[in-house]
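*Asks:* Given chain D, put chain A in place with the hints provided.
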Amino acid sequence: MSQASIDRTICKGHGRCYMLAPAVFDADDEGFGVVIDEATTPGDVAALERAVNNCPERAIAFASSAATH
Amino acid sequence: MSELKDAESPEIQTDFDIHSPDIADTVYDVYAEMRGKCPVAHSSHYGGHWVATKYDNIQEVLKNPTVFSSESVNVPGTIGQDGPMIPIEVDPPDHGIYRKLINPLFSPKRMAALEPQIRDIANELIDEMLENKQVDFIQAFAKEFPSRVFLALMGWNLEDSAQFNHWADTIVLGEPGASEERSTEVRMAAAMEVYAYFGEMIDERAESGDAEDITQILINGTFEDRELTQFEVLNILFLFLIGGLHTVQGQLAHSVIYLAEHPEVRKQLVDDPGLVPTAVEEMLRWESAVCPARVVKEDYVLDGVQLKAGDKILIPFGAANHDTSVYPDADVVDLTRDPNPHLAFGAGNHRCVGSHLARLELRVAFEELHRRIPDYRLDPDNPPERHLSQVKGVVSLPLFLGESI
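Protein sequence lines, in the order shown, are assigned to chains D and A. My numbering puts the first residue of the first sequence at 1, with every later residue one more than the last. My numbering puts the first residue of the second sequence at 1, with every later residue one more than the last.
Dumping the calculated DMTMM-like pairs for lysine to aspartate or glutamate here, alpha-carbon to alpha-carbon at most 20 angstroms:
id, chain 1, residue 1, chain 2, residue 2
1, A, 100, D, 28
2, A, 100, D, 26
3, A, 100, D, 7
4, A, 109, D, 28
5, A, 109, D, 29
6, A, 308, A, 11
7, A, 109, D, 30
8, A, 267, A, 334
9, A, 100, D, 30
10, A, 109, D, 26
11, A, 100, A, 227
12, A, 63, D, 7
13, A, 5, A, 303
These are computed hints drawn from the structure, not numbers from a lab.
Only chain D is shown next, with the shape it has when bound in the complex (with noise of 0.2 angstroms):
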């Protein structure tokens, strides 16, 4: 299980990790990404890595649990 953040003041809008991550973001009435669950499938975490490292902005962070591992 992974529980992502956005540093508020690093993202600005790009909306690459509602795209690739659609089951732990979505975009507010901006086009800012906001975390709205955690990533709890493997799919949902592997969607999670791909969404932090294509942020332009590096703006995403997330902390694994050890109960998956």
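*Replies:* Just chain A now, with coordinates in the frame of chain D:
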């Protein structure tokens, strides 16, 4: 520590000219050479300016608006705008206030609602294209598509699209081959016509007044607790025109050129439309149209080079996106590329406000074109003609439909 280089250092001088037709076909090689020899180079053109070509350096510039102001983003300094283009030529804190008004107009959710209409526009143009075996893709699709979408978005008359394209081309390109003075002259004349047109649209809307399109929202818009002035509305609309038309046109055309020449890559898209989203990102990386400038506000050392207050620096996004330290196989097109944190829409405060619309337009165009025209090829006797400038694009693109190499 090695000694700082500066504007006089002989080893970092380049004759790079962002408006030169001579390097329109080879500009990525030119960037690669500069990145290898002098990643922060000094050009003597347009009164002297810097050119950065490394991803990290360009990102550093984009993320530091205090030192790198966007009060003037063009080289030479004017493309005919009367006052700053809003919000791109505005610095914080005012910039953020304008963006709070404009961001929702181009939010992903608002754009998603437009998808059916955008798809209809694409299909109308494809219907017309398919009446011929050979078309100029620029005239038949690449120009018309973004300008009709723009007009639909604004709530204006779709029949004005040819006029819009003419204005956008003139303002972006000036008069190709003519002197800098002549180019500035024709840009300013086109810009005057654009302002007059926008003025009419604003007046009409102020009278009728009940639409909920972007024009109306801007007219009713506020800057903190005061209403926007007509001057502000005009300079927002001017930027929409410059930002929204020529950029998408170039992106579509560059993509089609590549896919015409690489049928095996095109076939991947035809066979699997699910590839389109990553394909769009990859084509954005591979051919990034935009090359803005920034004004240096205080002395600053960028990658061992001393920049001085008052200097201007070009930051070609296409150079960042071909940096082999970020993309080891930068010159390879990989439609599944991951990760791909490209800077085609910039980064930092001025991230392209129309990026969500641009992505949607590109995705719909890639899907519909390849669904309906799986095969196309270039005309070896009439190869495409590219142009440089601060928005790289394509002048003509003769294409045979229904045939492949």
